[in-house]
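The primary structure of each chain is shown beneath.
6 protein chains.
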Amino acid sequence: MEKKGPYTVRELKNLSPGTQFWGKYLILGKNLRKTRDGREIIDLRIGDSTGEIYSIVWESCTVNGQLEAGVVIGLLGDIGTYNQRLQVTAKRIKILEEEAGPYLKKPQASLEELIGMFEQMLQSIADPYLKELLQRVFNPETRTRFFQAPAAKKIHHNYYGGLLEHSLSVAGLCNKVADTYPDINRDLLLSGALMHDIGKLAEYEMDVAPNYTPEGRLLGHIVLGSELVADKIKDMKKEGIEFPQELEWMLKHLLVSHHGSLEFGSPVLPLFTEAYILYAMDNLDARIYVFQNKIEEDDGDDKYFSKYDSFYGQHFFTYRY
Amino acid sequence: MEKKGPYTVRELKNLSPGTQFWGKYLILGKNLRKTRDGREIIDLRIGDSTGEIYSIVWESCTVNGQLEAGVVIGLLGDIGTYNQRLQVTAKRIKILEEEAGPYLKKPQASLEELIGMFEQMLQSIADPYLKELLQRVFNPETRTRFFQAPAAKKIHHNYYGGLLEHSLSVAGLCNKVADTYPDINRDLLLSGALMHDIGKLAEYEMDVAPNYTPEGRLLGHIVLGSELVADKIKDMKKEGIEFPQELEWMLKHLLVSHHGSLEFGSPVLPLFTEAYILYAMDNLDARIYVFQNKIEEDDGDDKYFSKYDSFYGQHFFTYRY
Amino acid sequence: MEKKGPYTVRELKNLSPGTQFWGKYLILGKNLRKTRDGREIIDLRIGDSTGEIYSIVWESCTVNGQLEAGVVIGLLGDIGTYNQRLQVTAKRIKILEEEAGPYLKKPQASLEELIGMFEQMLQSIADPYLKELLQRVFNPETRTRFFQAPAAKKIHHNYYGGLLEHSLSVAGLCNKVADTYPDINRDLLLSGALMHDIGKLAEYEMDVAPNYTPEGRLLGHIVLGSELVADKIKDMKKEGIEFPQELEWMLKHLLVSHHGSLEFGSPVLPLFTEAYILYAMDNLDARIYVFQNKIEEDDGDDKYFSKYDSFYGQHFFTYRY
Amino acid sequence: MEKKGPYTVRELKNLSPGTQFWGKYLILGKNLRKTRDGREIIDLRIGDSTGEIYSIVWESCTVNGQLEAGVVIGLLGDIGTYNQRLQVTAKRIKILEEEAGPYLKKPQASLEELIGMFEQMLQSIADPYLKELLQRVFNPETRTRFFQAPAAKKIHHNYYGGLLEHSLSVAGLCNKVADTYPDINRDLLLSGALMHDIGKLAEYEMDVAPNYTPEGRLLGHIVLGSELVADKIKDMKKEGIEFPQELEWMLKHLLVSHHGSLEFGSPVLPLFTEAYILYAMDNLDARIYVFQNKIEEDDGDDKYFSKYDSFYGQHFFTYRY
Amino acid sequence: MEKKGPYTVRELKNLSPGTQFWGKYLILGKNLRKTRDGREIIDLRIGDSTGEIYSIVWESCTVNGQLEAGVVIGLLGDIGTYNQRLQVTAKRIKILEEEAGPYLKKPQASLEELIGMFEQMLQSIADPYLKELLQRVFNPETRTRFFQAPAAKKIHHNYYGGLLEHSLSVAGLCNKVADTYPDINRDLLLSGALMHDIGKLAEYEMDVAPNYTPEGRLLGHIVLGSELVADKIKDMKKEGIEFPQELEWMLKHLLVSHHGSLEFGSPVLPLFTEAYILYAMDNLDARIYVFQNKIEEDDGDDKYFSKYDSFYGQHFFTYRY
Amino acid sequence: MEKKGPYTVRELKNLSPGTQFWGKYLILGKNLRKTRDGREIIDLRIGDSTGEIYSIVWESCTVNGQLEAGVVIGLLGDIGTYNQRLQVTAKRIKILEEEAGPYLKKPQASLEELIGMFEQMLQSIADPYLKELLQRVFNPETRTRFFQAPAAKKIHHNYYGGLLEHSLSVAGLCNKVADTYPDINRDLLLSGALMHDIGKLAEYEMDVAPNYTPEGRLLGHIVLGSELVADKIKDMKKEGIEFPQELEWMLKHLLVSHHGSLEFGSPVLPLFTEAYILYAMDNLDARIYVFQNKIEEDDGDDKYFSKYDSFYGQHFFTYRY
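Chains as they are written, first to last, in the UniProt record's numbering: chain A, 1 to 321; chain B, 1 to 321; chain C, 1 to 321; chain D, 1 to 321; chain E, 1 to 321; chain F, 1 to 321.
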């Protein structure tokens, strides 16, 4: 619990039922509806960097200003339980003139650190064709967007910077695997790792939370990413810069096969070692995120297990030895 | 049975065991091996436009010239049975100076007819953006290759002109379905039908039979085709020719979703009517080819059923009422 | 919006939240319940030919007469939102003496048109055995029921006349496919198309909406339909009218295999061309219905996509170019 | 080893490589072919009630009479190994005038015993409707065929009398399960058990081994059996003999659902207890047959396990404690 | 309806909406929550041996004492409907000093009868190794727990004594199957049947309803049971009591394979007859429980079918002929 | 090619058709059979550390001594092709008195190096409970067997020392992943990695190639390994050495869940981070082995792809950039 100006910021993940509190939060979503007996209610989904919660705003609540997704508010509220979930009943709301950024979930390391790691990774690629290509794919315009993008809508790293964080994590794992085995083309593997989700720049758009773009739903980041890389290679060739045929095939294959199987949306299976490693490390990083997030989110009701997760079809064991 | 110069051309599908014959055939494949007791044998796979068969060439057989895949030969042989399949024992072989073309399996209509139908179909597209795009995709260079290409390695339309024949057939079916239902965008649907397998130009290469290219196996015709169309649209835009954003998404979606499900290699499901129709008609034309081919190939051993087909997991009912 | 007697009929699909309206609707379902604090509420599901909606009737609402499923009412109500769905709060309800028919969802063409098309289709069958059989299957008694029946409980064509509309649509598509390919037995295929869902006469019963009969759930329309056709052929034989053995097998096979695979409830796979075409066209017509219905039902909240449909596991792209 | 007239009958399952023997066997199949160097060979598949083996007949072998499937022969031969399987090289063959019956695989109990058990089971059914129906289904004509029929083409009970043996076995198991639980309708369950595979009378025809009929492949025994039972009930009704509606539904459901799931060819799932029991007991009897047969067939090469069975995807443990 | 002291015990399965009643029930679960307008509500899940229901307790309800899961209460309440389910509104509640036992669901036979059957089954095992092992596995301490344990968390036999009841039932079925076929090792099969779910002693713990233990979720009763049996055999060996190697393998295989397939959690398939029979009978007893329970639970709304069961993906036919 | 005494050792992977050679090899398998015309042939499977090949031994070949699997021979032979595979025709064979060891496939590092790495890994475990347990699991007797064992029958690391090599590789990967993420219990993870396949000591036995033991097929290494670890922990407890309850559960869970899903033979899914990492790294190491082996085995017929591999359902891309 930390003091910020006149407000005591209560982190959402620490709220407990039956208490009243003051805090500053970001409006993530808003829904206006009428009860059956005709009263108007606003359902707000509010969040800070530690979590999110629903807040109900009755007509009786004092609100100075316009409630909209993306706006930061000061909120006095009571915590209660509804349908076995925590819920806030808003007492007073004040619109604040603050940036949404600090109230969004974010990577564990700072953006500066992540960018530093990214630059270092780029510079470690020695193959001249891949080096040149990476500079073109990650040109200043793309770079800006890449550093802001989320890595998914829901499952993992679904926040500003999540795509950068995830891509670095996958590249880091690939790097270590490449050290372990002989005959791995490290430059190819790392280039693939850094660009494997580049199509997500076109697949998602961030409002305050990631959403699919129409293009994203109609084509998917696998096709979009492969097309982007193909374009940059064509540009090189047009400018008279060579790019070996086999290297182009292999790099695009890394992108296209990185979901590992047809039923998970790769139109081809990984057909050589680097492609398989990239698939495996992408999957591993996403799953570790899920496992660790389950422990963080855990409400502690049960000493050993999380609630049932119907997406993964399991309870997660949250106890740490 | 038809006279051609000094030879009596016996169609392969009409040969029966226990007879001797003269004929002209194309060598489709050749394998040299040694028997266990040290004698050299050549196994030839020979074909004409009606079928194919294996021919065994012992050292004692007279051969004037060099046996190679792609070469047309005159052959005197005996038909026998080996491992329940017909097989020719070659007695005399003469290399002929003929083109391979007439000895290859080919579409039912002539290439001229098919090209005529293709041009007519192209001209029936009224939407100006799609019309322009089709001219660019089917530029003279592509057109030449498109008219020669096979539609698959094995399952269906696996011969010169097969891709054209199949694409027209699918477009024809789509046209009829578009007539049946209101609110179908016929131009979009037909454009998608004509270009749906365009990536196969890069996926296969023809020797005397279709083979995968490395690019084809590593990326697949879905990704390759989508990229080709995307390129042509980019070219248009660079030249200042407009192409509506949604139309681009929808057209590329038609290509990308045309296998109908993830497990069959489309990274996205068909998400609107035209995409579903294209998938259904592509599948229907291929399957009808298979059914009708089973009847043609049938050896007549059983009045009602073909032999078990392990790929489709069924016997085909070959009786016609 | 159309004037009918003293009422202004508001089509259900055009209602928008926050307004009051008068209209005439059919009661599709009724549920009486008590709130937790003891007040009695009636939940009505009401519909007209354009859609359906839930209406809540509090004790305070004036109702003259008895509310029952199948009854037409005049309704004064307020439109609101509850759990993100539109809902009517009834203010005044009057029981009307009207037939339910005009308030039910119905085919796009009129019943007369459909029957005309059906008769024409029947007469186009030239094979004498099939012609005779169709007259017996579609005898006057069956015909009456066939023209009234729905084609499904939920997914597609689930209204009076839906079975006729769907059967004609499938037969029309089959007819076009038969034109496209050589060696299709058109009479067999069309006969199969017209009768493929004949078992649904016994599988469903219409109240105001389709319901499964016990026989329908225990045996399914595939077995019921095949049995019905078998019976009629037996009748012919008993009367000394010949019916070729193979034709009987093939026709029954068309009915029995028309779901296309075992996991969708056909005990055998389609084993010849006509059977595969029937399966494909049945599936296509049902899916096009679903796609087009998604566009009609769409609430316009999102410019491009429908809400997530958990049955099909996808969002539908509702934008039309 | 038993003396029969001038021949020493060697049971096929006791032959071992490297020996010469005399014996009497039935020809199960015959294939004439030519070797690559032009010699004619006949491949005979011969069997007795204990097993079967391939015998190769070179031109040098003395044969008095015509070799045909279904003929009993006296055979002098040498046992050898070819492609890791035992094989006989025929030295002398004599056509004998004997019935094929005793040389076929058959049930463990005698046919008389089985028929006795069958009659007893029929008489134990007390429900008058089912009793009458069973008399009609198992009329003298059907009974004759039912007592001769096989229960499958390959997997289990694939011999004369196999259908009777299997049906009794399933009915016996059902009877015991019915004793264990309250509220099981024993008469319904046993009637279903006796008739569950009745459609196989039309699905298979016996030559010397079972083969599918065209009707069998096109429709399957589930549909054929259900139709047969439906016919007999219709006959009863036409003759003014009542048959309760629900009982008809339930009995037909037993037949139609007895494969237990859609992917195994039942168009509906078992929806009540008796239907589930019938499915489970049918499956159990067939699988126990397979397990016990694996032990019988076992060549003893490995003390503990059979060879890999690719149909079941496992080795069978053949050791008995 | 039975008089017990001052209260009229109403069996829960006989309650109907719109009536007031007195009765004695066990609290199975309790949840405290606040309504949106701030009132406190307690949701109780209460049960007796015939069923369970939710009861809502408003602040206005008189309660003398502390409401906790496991406590028996006297309850005056009104039956109503909420969200299409019956629900009790509590008027007055009194905590009673009674044991929970009689209010819990229980086996159909008395515990004494079940134990008698169990002892008899144990004594019927003649094989000396298995006899000794069973005495050790079912030592007095285990026996006490085994007689109290449930057989599952939800699906079947989920009550005190359920494990014993289920194990006996499976053993009884196995015994009958062993009688039907030659060459079944009855002692092995029955020993396996009695111990097949022994790992559930560690997998579940009973509060008033079964819950998974952490060990149960992390390892599962298949591994836990196999380990327990292995331990007891090791103890025998340490004490110098022989146990045949093959018998140990086979018995443990029975436990480990009894779910019948990998996807249902057996790490190996049943590889010999007894293992397959145990799997089939375990499954059969559980499924018959489900079928019969559906009939018992049925609310009679529909003459023929239960509501849709999403776990089994079907409606159950509840009509009895 | 290396000189060893009087013989020129030709590595098997370097042989090419049409040449004669001398070399020393190990007999891996032997099969005696008769040709159809009565001549005796011996088929030998021979190998050295680089590969294996079939050699055919006619009666005319000189053999001094007894040919048996496990024996080292000197062989003069001709290389030919049979059924598209290389095959040796033996001219002269001499039994040699050499150890089989040097002729077997083996790990890339020497056994000494691997053992050194293993000891180091063991010593890096700091947790006292795990440290003690590892000493007991890897006691001198087990260690000897562990250092000799194969990791699989066919797919990967199927040679002496393969289990050690694979376990170290998995542990090494796990170590690196543990470095990458916070909150991983490295000691738990590495202990699990080292012991994850310990059950394979009982699952396989080595002759000259790995074979399943009966126990291995009936129970599987997952159950066998878990039991072994459970035993050692019980021993510790009996000796009064504590072992935390949760640690025991978690460690056994690592072993039991390491196949990652039920259909691959784990009776439970990985439920916490370390278990998922172990599964992923085990799978990765095995798959990389397969990919790299495909490149090594490649015959170079095709510049880019291996032959079709039906187990993995793909061609492998063998080109290295």
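Be aware that a few hints might be false.
If several chains are the same, the list does not tell them apart, and a pair holds so long as it fits within one copy or across any two.
Claimed, not checked - Mimicking DMTMM-like on lysine to aspartate or glutamate, the simulated pairs with C-alpha atoms at most 20 Å apart in a straight line are:
id, residue 1, residue 2
1, K153, D309
2, K13, D231
3, K234, E40
4, K176, E242
5, K94, E205
6, K91, E263
7, K131, D299
8, K91, E141
9, K30, E98
10, K237, E68
11, K106, D235
12, K154, D309
13, K303, E97
14, K234, E141
15, K237, D43
16, K91, E132
17, K131, E246
18, K94, E52
19, K30, D207
Simulated from the structure, these hints should not be mistaken for laboratory data.
Results of checking the hints against the structure:
1. K153 with D309: Both ways: K153 and D309 sit 17 Å apart in one copy and 17 Å across, limit 20 Å.
2. K13 with D231: Answer is neither; intra-copy 45 Å and inter-copy 42 Å both fail.
3. K234 with E40: Neither: 57 Å inside a copy, 50 Å across copies.
4. K176 with E242: neither (30 Å within a copy, 36 Å between copies)
5. K94 with E205: neither (28 Å within a copy, 50 Å between copies)
6. K91 with E263: Classified as neither; 49 Å inside a copy, 52 Å across copies.
7. K131 with D299: Answer is neither; intra-copy 46 Å and inter-copy 33 Å both fail.
8. K91 with E141: The answer is neither: 44 Å in one copy and 58 Å across copies each exceed 20 Å.
9. K30 with E98: within (18 Å within a copy, 43 Å between copies)
10. K237 with E68: neither (48 Å within a copy, 38 Å between copies)
11. K106 with D235: neither (35 Å within a copy, 39 Å between copies)
12. K154 with D309: Result: close both inside a copy and across copies, 14 Å intra and 18 Å inter.
13. K303 with E97: So K303 and E97 fail the 20 Å test inside a copy (41 Å) and across (31 Å) alike.
14. K234 with E141: both (19 Å within a copy, 19 Å between copies)
15. K237 with D43: neither (54 Å within a copy, 45 Å between copies)
16. K91 with E132: Classified as neither: same-chain Cα gap 57 Å, cross-chain 59 Å, threshold 20 Å.
17. K131 with E246: within (16 Å within a copy, 34 Å between copies)
18. K94 with E52: within (18 Å within a copy, 41 Å between copies)
19. K30 with D207: within (13 Å within a copy, 41 Å between copies)
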